[in-house]
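Chemist: Read off the chains here:
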Amino acid sequence: MSHGPRGDAPPTTASPPRPAEDRAATRRERPEDHACGPVDAPLVILYGDATCPRCQDAARLLRRPPQPVRLVWRHLVLRARGPRPRALAGALEAAGRQGAFWPLLDRLLAQPGRTEDPDLWRAAEELGLDVARFDDDRRAERAAARIARDLQEALAIGATGTPALLAGPGDDVDHGVPDAAWIQALHADRA
Amino acid sequence: MAIIAPGTPVPEITLKREDGSDFTREDLRGRTTVLVFYPFAFSPVCTDQLQVYEELVPQLAERDAVIYGVSTDATWSQAAFREKLGVSIEQLSDFEPKGAASRALGAYFEPAGMTNRALVVVGPDGVVAWSYLASSPGELPGADKVLEGVAAVGASS
Numbered sequence: 001m002s003h004g005p006r007g008d009a010p011p012t013t014a015s016p017p018r019p020a021e022d023r024a025a026t027r028r029e030r031p032e033d034h035a036c037g038p039v040d041a042p043l044v045i046l047y048g049d050a051t052c053p054r055c056q057d058a059a060r061l062l063r064r065p066p067q068p069v070r071l072v073w074r075h076l077v078l079r080a081r082g083p084r085p086r087a088l089a090g091a092l093e094a095a096g097r098q099g100a101f102w103p104l105l106d107r108l109l110a111q112p113g114r115t116e117d118p119d120l121w122r123a124a125e126e127l128g129l130d131v132a133r134f135d136d137d138r139r140a141e142r143a144a145a146r147i148a149r150d151l152q153e154a155l156a157i158g159a160t161g162t163p164a165l166l167a168g169p170g171d172d173v174d175h176g177v178p179d180a181a182w183i184q185a186l187h188a189d190r191a
Numbered sequence: 001m002a003i004i005a006p007g008t009p010v011p012e013i014t015l016k017r018e019d020g021s022d023f024t025r026e027d028l029r030g031r032t033t034v035l036v037f038y039p040f041a042f043s044p045v046c047t048d049q050l051q052v053y054e055e056l057v058p059q060l061a062e063r064d065a066v067i068y069g070v071s072t073d074a075t076w077s078q079a080a081f082r083e084k085l086g087v088s089i090e091q092l093s094d095f096e097p098k099g100a101a102s103r104a105l106g107a108y109f110e111p112a113g114m115t116n117r118a119l120v121v122v123g124p125d126g127v128v129a130w131s132y133l134a135s136s137p138g139e140l141p142g143a144d145k146v147l148e149g150v151a152a153v154g155a156s157s
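If you read the sequences in order, they're chains G and L. Heads up: the first sequence begins at 1 in the working numbering, then just goes up one per residue. Heads up: the second sequence begins at 1 in the working numbering, then just goes up one per residue.
The following block holds chain G by itself, in its conformation from the complex (with noise of 0.2 Å):
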């Protein structure tokens, strides 16, 4: 339950918290968004950090799903964790910049102790990517916009850690590891 503004005051309109209509388009996947999976498949929204472990729990099961899903991932990466997680963000919008976004990711989950730059560098390498360029995409400007764009855009949707998920019906933002039955859920509310 929540007051206020006090008095007659008229409600506010202040940015953030964001209208509604952006809210609504923060559900929606974008032209620019790190997706995989089927189009027409129940969307998820992931908000993560890749040194979470329940952030890689959670994209292992969606990168791999028991029934179809379109999965989203966008950074929510805090300060107060070191930094790493902006390091790993950086590197996976440098991947993407070279389209490996999601073999980069994989890469993480499979190996979530080997996050060290000389790792990175190498990961790029057996990738197949151009790693001069990688390393120069992961700290550039462009990368750093969109790591802060997305950690605004979950802190107005009202994410309080890592996983912050967004999918099915409804605006509330789910902080819990999907499992089979999580997915079948979403499956039968598009029933």
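Worth double-checking, as some hints may not be accurate.
[Stated by the list, open to error] Label pairs and their computed distance ranges (CB to CB):
hint, chain 1, residue 1, chain 2, residue 2, range
1, G, Arg84, L, Gly154, 33 to 41 Å
2, L, Ser43, G, Asp106, 26 to 34 Å
3, G, Gly82, L, Ser135, 41 to 49 Å
[What the hints assert, rightly or not] Interface residues of chain L toward chain G, partial, derived using beta-carbon atoms under 8 Å:
hint, residue
4, Asp48
5, Gln49
6, Gln51
7, Val52
8, Glu55
9, Leu60
10, Leu85
11, Gly86
12, Gly138
13, Leu140
14, Ala143
15, Asp144
16, Lys145
[As the list claims (entries may be wrong)] Partial list, computed: chain G residues near chain L (C-beta under 7 Å):
hint, residue
17, His34
18, Leu78
19, Ala80
20, Leu155
21, Ala156
22, Gly158
23, Gly161
Source of the hints: derived by calculation from the structure; they are not laboratory data. All C-beta atoms in this analysis are idealised placements derived from N, C-alpha and C, irrespective of residue type, glycine included.
Fit chain L to the known structure of chain G by using the hints.
Modeler: Showing chain L alone in chain G's frame:
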């Protein structure tokens, strides 16, 4: 216990800062204050909450607002908790007499003898501008709630 309602002047309270000094209602005057009540230091849910709110600190500063964490943990525990989380949000202790300030603001959860999960936003005039009590200690108010509360201060002035 009902959370303190908007329009109510903050009653006399005394909390302890990390340096051992008192934090009273006089410290609420002159700028907007966000008080974040959470049940226990080191509980995983609180961890996420304060780390998320840490991202708001620059935005709050732009609005001349400051944010504090409040629990019934002792000052030493809170300081260790804050350092473990890697957050800058100052902690205020409601340790002795236990929960007295939280009770005065309606943010105490009697059944468990702990601070409830609640947000109280106080305007520069020392009057509550907005408040929120979670439906259960397991419910985490998002950063959007903090911003909603701070926006209410501007709307009411």
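Chemist: None of the hints should be skipped; say for each whether it holds.
Modeler: Results for each hint:
1. G/Arg84 / L/Gly154: 33 to 41 Å: holds (37 Å)
2. L/Ser43 / G/Asp106: 26 to 34 Å: Once the Cβ atoms are compared, 33 Å apart, the range 26 to 34 Å for G/Asp106 and L/Ser43 holds.
3. G/Gly82 / L/Ser135: 41 to 49 Å: This hint is violated: roughly 32 Å between Cβ atoms.
4. Asp48: Check passed: Cβ of L/Asp48 comes within 3 Å of chain G, closer than 8 Å.
5. Gln49: holds (6 Å)
6. Gln51: holds (4 Å)
7. Val52: Because about 5 Å separates L/Val52 from the closest Cβ in chain G, which is inside the 8 Å limit, the hint holds.
8. Glu55: Given a least distance of 6 Å, the restraint on L/Glu55 holds.
9. Leu60: violated (12 Å)
10. Leu85: Given a least distance of 6 Å, the restraint on L/Leu85 holds.
11. Gly86: Where the cut-off is 8 Å and the nearest Cβ of chain G is about 4 Å from L/Gly86, the hint holds.
12. Gly138: violated (11 Å)
13. Leu140: holds (4 Å)
14. Ala143: Because about 4 Å separates L/Ala143 from the closest Cβ in chain G, which is inside the 8 Å limit, the hint holds.
15. Asp144: At 4 Å from the nearest chain G Cβ, L/Asp144 passes the 8 Å test, so the hint holds.
16. Lys145: holds (7 Å)
17. His34: violated (21 Å)
18. Leu78: holds (5 Å)
19. Ala80: For G/Ala80, the interface hint holds, since the closest Cβ of chain L sits about 4 Å away, which is under 7 Å.
20. Leu155: holds (4 Å)
21. Ala156: It holds, given that the least Cβ distance between G/Ala156 and chain L is near 6 Å, below 7 Å.
22. Gly158: holds (3 Å)
23. Gly161: Holds. Min distance 3 Å.
In the structure shown, a violation is registered for the earlier hints numbered 3, 9, 12 and 17, in ascending order.
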